[in-house]
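Protein chains in written order, with this note's numbering: chain G, 1 to 343; chain L, 1 to 343.
If you are wondering where the hints come from, they were derived from the structure by calculation, not from laboratory data. Hints are not guaranteed to be accurate.
Restricting the straight-line Cα-Cα distance to at most 27 angstroms, the calculated cross-link-like pairs of lysine-lysine (DSS-like) are [stated by the list, open to error]:
# : chain 1 : residue 1 : chain 2 : residue 2
1 : G       : Lys147    : L       : Lys147
2 : G       : Lys147    : G       : Lys26
3 : L       : Lys147    : L       : Lys26
4 : G       : Lys147    : L       : Lys26
5 : L       : Lys147    : G       : Lys26
Given the structure is predicted, the values throughout are model-derived calculations rather than measurements.
There are 2 protein chains.
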Amino acid sequence: MARPLALTEQTFIDFIARCARPLRPKPAVGIGDDAAVLNLPPRSQTLVTTDLLTDGVHFRAAWTTGALLGRKALAVNLSDIAAMGGQPHSCVVALGFPRSTTLAYARGVARGLADMARSHGVALVGGDTCAARALFVNVTLIGSVEKGRAVTRSGARPGDHLYVTGTIGASAAGLSLLAGRGRPGPGMVIRPTASQSLRRRAIRAHLDPHPRCAAGRALGLTGLATSMIDLSDGLAQDLPRLCAASSVGAVVSQSALPIDRLATALFGPGKALQLALCGGEDYELLFTARPACEPMVMALSRRLSLPIRRIGQILPRRAAIRTVDTKGRYRSLPAGGFEHFRR
Amino acid sequence: MARPLALTEQTFIDFIARCARPLRPKPAVGIGDDAAVLNLPPRSQTLVTTDLLTDGVHFRAAWTTGALLGRKALAVNLSDIAAMGGQPHSCVVALGFPRSTTLAYARGVARGLADMARSHGVALVGGDTCAARALFVNVTLIGSVEKGRAVTRSGARPGDHLYVTGTIGASAAGLSLLAGRGRPGPGMVIRPTASQSLRRRAIRAHLDPHPRCAAGRALGLTGLATSMIDLSDGLAQDLPRLCAASSVGAVVSQSALPIDRLATALFGPGKALQLALCGGEDYELLFTARPACEPMVMALSRRLSLPIRRIGQILPRRAAIRTVDTKGRYRSLPAGGFEHFRR
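With the hints as extra help, turn the sequences into a complete structure.
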């Protein structure tokens with residue numbers, strides 16, 4: 001039986017502090033003072049990012065566990081620091097819990113956050129918590145990057161190759177299953193051959209994403225990436241953001257897209273392509289590099305045991321952003337993705 | 001007529017970006033990339049603090065304006081950086097808006113945040129926003145402090161003098177008026193002589209607090225303060241926190257407390273004392289200094305044109321924390337203040 005939340009703010013802060021204790025880098029002053037004091041690496045620039053997960057908007061509390069929610073709340077921020085080529089350092093968290101939250105769920109969130117932090121060498125140095133009408137988790141992550149080495153969205157140039165790490169579409173496939181309570185979302189048909197194990201793995205991909213911290217850091221430190229963004233809202237939204245910031249166009253080869261085989265096995269190739277383009281939350285890295293750097297990008301891929309696929313090329317802005325299929329037909333990138341204030 | 005919130009996430013982020021534009025220190029990379037890139041002062045330590053304001057818990061949307069809410073959301077964080085003796089630098093904000101929020105209210109929040117940031121030389125460098133069941137604002141503020149100069153809660157020693165900046169009790173008096181919709185809260189009686197202007201000023205003190213940034217910075221840089229905390233939850237909660245962190249006791253002279261004359265004029269001396277001790281949100285600084293530093297503390301007070309009152313003394317831990325009245329009677333500090341998860 002789940003116990004109802006019977007904890008004071010202080011008790012919960014104490015619990016988070018206990019979870020967070022054995023972390024490096026040890027802050028000079030951690031949880032318990034007016035502010036945390038951090039020793040960031042000298043001669044570096046400071047990175048800051050913040051992401052908000054709200055019940056009913058970004059997730060549903062009933063679909064996930066406290067621990068997975070805590071992990072994901074930090075993971076999405078780690079992905080942002082990775083996309084800048086930075087090293088994550090310390091985080092603070094603001095948590096809003098409805099009064100109906102069970103103690104087990106709340107502790108799970110804290111434990112998930114602390115576990116994710118520990119496995120990425122991030123210190124959890126402060127936070128704030130309160131009663132709220134809907135559960136939310138807001139993590140702010142501080143990182144560092146060597147001076148002038150941050151990889152922004154604005155450095156892509158015509159001729160650059162366009163790459164994506166890992167595979168895309170599995171998270172959206174999992175979300176579709178969750179939204180349909182084990183059955184597919186509207187307009188989706190699960191293939192009769194799809195096993196329970198496939199379904200579970202797609203759902204796991206959605207609930208417990210793995211940010212590409214090592215790849216982002218390596219692409220930044222080596223100077224290989226000329227521009228980079230993480231795929232949080234899907235290629236169809238994130239590629240246009242990168243192109244707009246860089247004032248360029250792009251062409252994406254459909255056949256080169258690393259569509260996750262979970263998505264294909266569950267929903268067939270047509271829907272899987274749609275999930276890979278318009279679904280979000282893969283937290284893979286989309287980046288550009290000079291054509292001459294292709295061998296080094298591939299060497300990095302082998303070194304990290306992480307597939308990195310060349311999916312297209314950067315073009316002048318007037319070329320717009322298009323996809324090309326195997327028959328050489330060009331199409332505009334489909335609009336799509338998630339918009340919070342859409343009614 | 002208030003227009004309903006008809007804005008996309010991107011529109012609102014653009015609006016915040018416009019509000020935030022003319023700020024110094026200019027971030028190396030500001031709003032619009034995966035993370036902001038900051039140039040913090042060299043040879044400094046980094047400060048991080050986060051504070052959450054939630055409708056129905058920390059404030060009521062109907063009692064305040066968007067602009068005042070935005071100001072306060074940053075002010076409470078500025079107060080935390082001040083209490084460490086630090087210099088605020090850059091902030092990020094996470095905003096949750098119910099779908100019923102008007103565009104004017106949402107823009108007010110952004111404008112209030114940006115105004116407060118500008119007047120304290122803070123850059124608004126990023127954020128996240130989404131639909132939420134209850135309005136909330138979560139600001140994370142990054143600051144810096146010269147290496148080893150952060151003023152923690154743990155440096156007070158027996159014999160140190162105990163000081164408070166400004167006056168206390170006005171914010172709690174204002175909150176009491178708001179809670180009673182212009183009439184006083186439960187157990188409170190407004191004096192018949194209290195004018196509308198007094199009421200308005202007390203309410204303003206609650207809705208638009210002024211953090212003691214210059215005083216905190218000066219107390220840190222000069223090394224005068226041996227320990228410091230900001231009065232966010234009231235003396236009766238914050239002094240025990242400082243004493244616990246420093247492993248000391250304290251005695252507070254009731255007659256020395258700088259009780260705000262708004263509180264006294266509105267509710268009489270007895271209730272005003274209670275508001276000053278147990279009310280919160282004054283965002284004044286409570287700090288300790290060596291007795292020999294008394295002349296320098298007073299010189300600082302004159303220099304900043306800010307009253308700084310010596311209200312007591314730090315004692316060994318076994319002496320506990322007590323108040324003493326004009327007749328020499330000792331009492332335990334009254335428990336009180338705000339606890340979020342209390343039912």
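Given pair status - Lys26 of chain G, Lys147 of chain L, alpha carbons within 27 angstroms:
15 angstroms, holds
What's the verdict on Lys147 of chain G and Lys26 of chain L, does the C-alpha distance respect the 27 angstroms limit or exceed it?
It holds: about 15 angstroms lies between the C-alpha atoms, which stays within 27 angstroms.
For the pair we were handed, Lys147 of chain G and Lys26 of chain G, check the Cα-Cα distance against 27 angstroms.
23 angstroms, holds
Just to be careful, I want the Cα atoms of Lys147 of chain L and Lys26 of chain L compared with a cutoff of 27 angstroms; is the pair within it?
23 angstroms, holds
Pairwise hint evaluation, Lys147 of chain L against Lys147 of chain G, where the allowed Cα distance is 27 angstroms at most
Distance of about 20 angstroms is within 27 angstroms: holds.
In summary, this structure violates none of the numbered hints.
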